[in-house]
Structures are given as structure tokens and as C-alpha cells.
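Each chain, written out:
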Amino acid sequence: MKQVFAVTRGMLPADTSYCPGCTHGVAHRLIMECLDEMGELENTIAVSPIGCSIVAHQYMNIDMCESAHGRAPAVASGIRRVHPDKTVFTYQGDGDLASIGMGEIIHAAHRGEKFTTFFINNAIYGMTGGQMAPTTLLGQKATTAIYGRQKEKAGSPLRICEMLSTVEGAVYVERVALNSPANVRKAKKAIRNALEVQKRGLGFSFVEMLSSCPTNWGKTPYDALQWIQDAMIPYYPLGVFRKPEDM
Amino acid sequence: MEKILMKGNEAFAEAAMRGGAGYYFGYPITPQNEIPEYMSHELEKTGGAFIQAESELAAVNMAYGAAAAGGRAFISSSSPGLALMQEGISFMCSVEVPVVILNVSRGGPGVGGIQPGQADYMQATRGGGNGDYHVPVYAPSTIQEAIDMICSAYDVADRYRNPVMVLADGMMGQMMEPVVLPPARKASTYEEIRRDKPWSLTGKGDREERNVLKSLRLQPDVLEEHVMHLFEKYDRMEKELVKYETFGNMDSEIIFVAFGTMSRLVAESIEILAERGISAGMIRPITLWPFPVKPFEELSPSTKVVISAELSMGQLIADVKASVNGRVPVRLINRVGGIVPSSIEIADRAQKHLEELA
Numbered sequence: 001m002k003q004v005f006a007v008t009r010g011m012l013p014a015d016t017s018y019c020p021g022c023t024h025g026v027a028h029r030l031i032m033e034c035l036d037e038m039g040e041l042e043n044t045i046a047v048s049p050i051g052c053s054i055v056a057h058q059y060m061n062i063d064m065c066e067s068a069h070g071r072a073p074a075v076a077s078g079i080r081r082v083h084p085d086k087t088v089f090t091y092q093g094d095g096d097l098a099s100i101g102m103g104e105i106i107h108a109a110h111r112g113e114k115f116t117t118f119f120i121n122n123a124i125y126g127m128t129g130g131q132m133a134p135t136t137l138l139g140q141k142a143t144t145a146i147y148g149r150q151k152e153k154a155g156s157p158l159r160i161c162e163m164l165s166t167v168e169g170a171v172y173v174e175r176v177a178l179n180s181p182a183n184v185r186k187a188k189k190a191i192r193n194a195l196e197v198q199k200r201g202l203g204f205s206f207v208e209m210l211s212s213c214p215t216n217w218g219k220t221p222y223d224a225l226q227w228i229q230d231a232m233i234p235y236y237p238l239g240v241f242r243k244p245e246d247m
Numbered sequence: 001m002e003k004i005l006m007k008g009n010e011a012f013a014e015a016a017m018r019g020g021a022g023y024y025f026g027y028p029i030t031p032q033n034e035i036p037e038y039m040s041h042e043l044e045k046t047g048g049a050f051i052q053a054e055s056e057l058a059a060v061n062m063a064y065g066a067a068a069a070g071g072r073a074f075i076s077s078s079s080p081g082l083a084l085m086q087e088g089i090s091f092m093c094s095v096e097v098p099v100v101i102l103n104v105s106r107g108g109p110g111v112g113g114i115q116p117g118q119a120d121y122m123q124a125t126r127g128g129g130n131g132d133y134h135v136p137v138y139a140p141s142t143i144q145e146a147i148d149m150i151c152s153a154y155d156v157a158d159r160y161r162n163p164v165m166v167l168a169d170g171m172m173g174q175m176m177e178p179v180v181l182p183p184a185r186k187a188s189t190y191e192e193i194r195r196d197k198p199w200s201l202t203g204k205g206d207r208e209e210r211n212v213l214k215s216l217r218l219q220p221d222v223l224e225e226h227v228m229h230l231f232e233k234y235d236r237m238e239k240e241l242v243k244y245e246t247f248g249n250m251d252s253e254i255i256f257v258a259f260g261t262m263s264r265l266v267a268e269s270i271e272i273l274a275e276r277g278i279s280a281g282m283i284r285p286i287t288l289w290p291f292p293v294k295p296f297e298e299l300s301p302s303t304k305v306v307i308s309a310e311l312s313m314g315q316l317i318a319d320v321k322a323s324v325n326g327r328v329p330v331r332l333i334n335r336v337g338g339i340v341p342s343s344i345e346i347a348d349r350a351q352k353h354l355e356e357l358a
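One line per chain: the protein sequences are A and B, in this order.
Each residue of the first sequence is one higher than the one before, counting from 1 in this note's numbering.
Each residue of the second sequence is one higher than the one before, counting from 1 in this note's numbering.
One should not assume that every hint holds.
[What the hints assert, rightly or not] Simulated crosslink set (BS3-like; lysine-lysine; CA at most 27 Å straight-line): (1) K219/A - K151/A; (2) K3/B - K189/A; (3) K3/B - K186/B; (4) K204/B - K243/B; (5) K199/A - K204/B; (6) K188/A - K204/B; (7) K199/A - K45/B.
[Claimed, not checked] Just the calculated beta-carbon pair ranges, DEER-fashion: (8) E238/B - G239/A: 54 to 64 Å; (9) E245/A - M1/B: 54 to 64 Å; (10) G39/A - G47/B: 26 to 36 Å; (11) D221/B - G129/A: 50 to 60 Å; (12) D15/A - E297/B: 52 to 62 Å; (13) G129/A - K45/B: 49 to 59 Å; (14) G39/A - P28/B: 39 to 49 Å; (15) G39/A - E208/B: 12 to 22 Å; (16) K294/B - G129/A: 44 to 54 Å; (17) I4/B - G239/A: 30 to 40 Å; (18) S40/B - E245/A: 41 to 51 Å.
[To be verified] A short, non-exhaustive set of chain A residues, derived as facing chain B with CB atoms under 7 Å: (19) I45; (20) I62; (21) C65; (22) H83; (23) H107; (24) Q229; (25) D246.
In case anyone wonders, no lab produced these hints; they're calculated from the structure.
The beta-carbon is built from N, C-alpha and C at its ideal position, and this holds for glycine as well.
Using the sequences provided together with the hints, build the complete structure.
Below, the structure is given as C-alpha cells:
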């Protein structure tokens, strides 16, 4: 019988510690599938952040290290200097990347670092238990904004793709969502594009994935995916913000 | 060997390269700016890489990345910058990654000033960041000694898989001295990194197991076991790394303790005191951590006072008191704010201490 599907060997055969309905698992698998298809699994070094996905290395079957909170892009910059021929990526959440690590991500893009960052935006701090993130939507409840985020007190949610697309060194910037089969397929294409841009040495590449956090949103897995569609996508429009001319 | 005249900071940078540093990450801060400046044009000539980091936080984490990848990384800064780097130093100790860190220290607290200071002694020798950990700390007193220390620091860092710090000060960074540079070590090839640092991140390749470098240990028993493992290593360092030298007559009534720039002034003060008919000696710790306890256990019965001479408000003196362990009175001679006392001032104050105890 012809095999039509197999789990990528980029993923280790382990149960993840992520909550039911969390899309980290989807994001992990898409990245690993792309690296597998590119024949890059043995040639890749990745950096996990502080946040739920610090343990990404328990599931991704590649050389990996943890980093201090927000510093993954700096760590990846160091790795890149030692191994210019490897594929290097960081995997970061919105607290890690858009708050404490804003300096590192902007400057990695600014230097045109030849690695890829996968940005998981679920509009909340997951690991620490649901505090407001820079990406938390107005009116969205968080444990540090129990009446919902108010613009007057906490500002408006940051749009990272839009910000990074003003930086010359960021040559591939795309926002995708992990809430439907169609969007997941588009996400995989974006991941592949970003990794190809890195392989071609063109500069910094970045894929933001709108993701779910049913536990801290107080929603069922199904409702969480629906909320991505109804609340997140209108504020965080999907699409390619920057790409090389020939792509 | 040819002697050349070099400014401290440039000599430190050249020493790091010759010691094998292929990767330097730095952020401008006085009085060590000549180091990133020098590295920016010299390091690439050796096949290495330089990044002007966006902050000291980024610099230390870049060094962590380069070292995790098996490269030899060098970072330098001055006191406020070192404060920012503590996050990464703690992290690298936890993950067990070797780098060499240079502090060309200045006066504090806060932004303080840009003149030399030794008030980072506690920060350097106690860890400085969060958690239980240590880094070996070397304190050079001449530019030549700093060169030799920086070069050999890479062997120590690699041997123990731990960061190593060299604690200099702004005086040494800014002055010029004749030095002999050691021959340059060859940078490791990719294959050599995979062979010599089998734990490093080089891409799985044909390795049987992938490599993972981690700091997070959520299970208390697992974390405790890891901390115990680190402290077995620190115990070995305490046995194997301690270095000091003595100067002058160790049977004297006055025994000074001083490191770095202060030890050079104290050496002069000892001569001044000798002219006044007062005999004095000095213990110069070369490693600040692990601290040399032995010379204090061997203090002569004729010693009446041990004097900690330092450019801080009494930091070195804590280790001196612990090592003297109440056998003789311990006194402090210090200046702060970037002021370096004259050797006459030190001699006068030492003489006064001795007279008060008579």
C-alpha cells in the first residue's frame, strides 16, 4: 500500500505539554515539516524563548538552546556568526518578542541578520497565567487588566509585522493565522518562504502566526479559533508585508 | 620576543584575539571603548566576526549564542554595562557555556564616573546575577599580566565549561605599557568544534543524538541535582585555580592586601615605609574568586595589622576578614569616586593604623 501521510521526523514522538486547543503544536509541526522537506533538519540550530514554548526543544528534533527572556534574536545572531552555513531560527511568543525582547528583535532585523524568527502572537502571556501582553486587544481581559485592556491606561496593541516592515533589513515579513485548515496551509507556505529567504542569504525573515490560548482566554478550543477569526484578524490583518522582488 | 608599547584596552583586545577569540560583541562604554573599536577593524582579518550590539544585554546573549555554537567569544564592558550583563552570565553558568568577560571597571554606583574603581568586587566574586553560581575572576596588575590572563582564560573557560572574568580597571585600560604579545592561536575549524566541544550546537549532522542546551529545570529535585553538579565544578576550581603572589617581607608588622592598580601603588608604599624604618609586605590575590585563603593562614606571628587597600568602600576586606579569621586586626585604606590615592597617602595611613594599634 502506498503511504500517503507520515508524521515528520522533525517532530519527536512525545506528547506536548501544551494545553488542549493551543496552536503551538501546529506551529511546531509546520516548521519541522518545512525543514524536513528542505532536507535541513540535520543542518538547523534553533533558539527557544521564555514562555510556554521554552520547551519546544522537547518536541523539535534538531539542535536547540534556550535563551533568556526576549534575547533569542541576540543568541541567534551569535550562533549565526559561528555557523554561517546553517539554518538558524528563533521561536518566540508575544511577551518574549514584543515586550521584553523588543530591542533584540528590532536590531536583529535592523542588522539584516540571516536567520528566521517565528512569532507566536496569542495576545496574552501564557506561561505566567494570562497577563496583558503588548499585543492584547483593546477590551480583552487579562489578569493584569481585569476589566479589559484600556487604551488610556495601557496603549493600543502593537502590530509587529507593520513595525518590522519599516526596517530595511527585514526582507521577508508575513502574518498568518493558525485558526483554519486554509490558513494553516498558507502558514506553511509562509514558513517555507521565510526559510528559503534565509537560505538565499537575503536578510532577516519573519513570520507572525496568530495563535490561540484557550486556557488564558477562558474559551473552548473551538471558540478560541473563532476568536482569532472574529477579533484578532480584523486588528492584525493577514498577508505579506515585505518580500524579495523575485518572490 | 619583541616588546611593543600598547594602550591597555587595545592590548586586551589583541590578547583576546591571540587567545583564540573569534567573536566579539560589544556596546560602547567608557573607559573601554578602544576594545570594540579595535575589534571592529581587526577581528575580521582573522576570519572572525564583530557585532556592535544594541546593548550590553544583547552583547552578552550574542556571546552566549556564539559560545553555545562552539565558538570562542569575548565580551568587554565597564561597570554599569557589566551590571546589565549579569542576566547572561548567570544563564551561561547555568547552561555551562564558556566565554571570557572583561570588566574595565569604573566608579559607581549608578552611572557613577569614568575614572577607575574596584567597587565591582562583590558583583564579580559573588556571582552578581541571580542564583547560586560562580565565575573565576582574575585580577591583573599590569597590562602584560592582563594579556597573559586573557589568553589563558580561554583554557580555563573551556576546561570547566564556565564563563571566566578578568577584572581590570579604567587606569589599566587607558595607560600604555611595553608588552610582549603571545603567538596567535589558530581558530578551530567546524570539524574541530564538533570533536572538541561535542556538546555544542553545530547542527545534528551525522551525530547520533541532537544537542540541547537548557537552563530550565522545573522539577526541584532535578534543579537541585544540577546546582550540586555546578558546585562540584566550583569546588574543583577552588582547588585548582587559586593564584596569588606575595611582595616584600611577609614577617612584617604590616601586611597589605591589594589587587590590580592598587597593588602597584601598595608596592611603592612598601618602599616608602621601608625608608621610614617600617617593614611591610603584601598579599596580592591574582584570582579574586577563588580567593587565596592560604597566605592568610600562614601569617607571621609578628604581623600586627592586615590592611585591605582598595578602590571601594570595603568589599575586598570582607574576604580578607574571613580569611584572617580574627587572628589579627584588619583595617581598610580606600578611596572611591575614581580617585586613586598616592603611594605616600597609603603609606601615611598604614603607618597611622600601626601606631593606633601599638
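Starting from the hint list further up, note which numbers the structure goes against and sort them upward.
Hints 2, 4, 11, 17, 18, 24 and 25 are the ones this structure does not satisfy, whereas the remaining hints hold.
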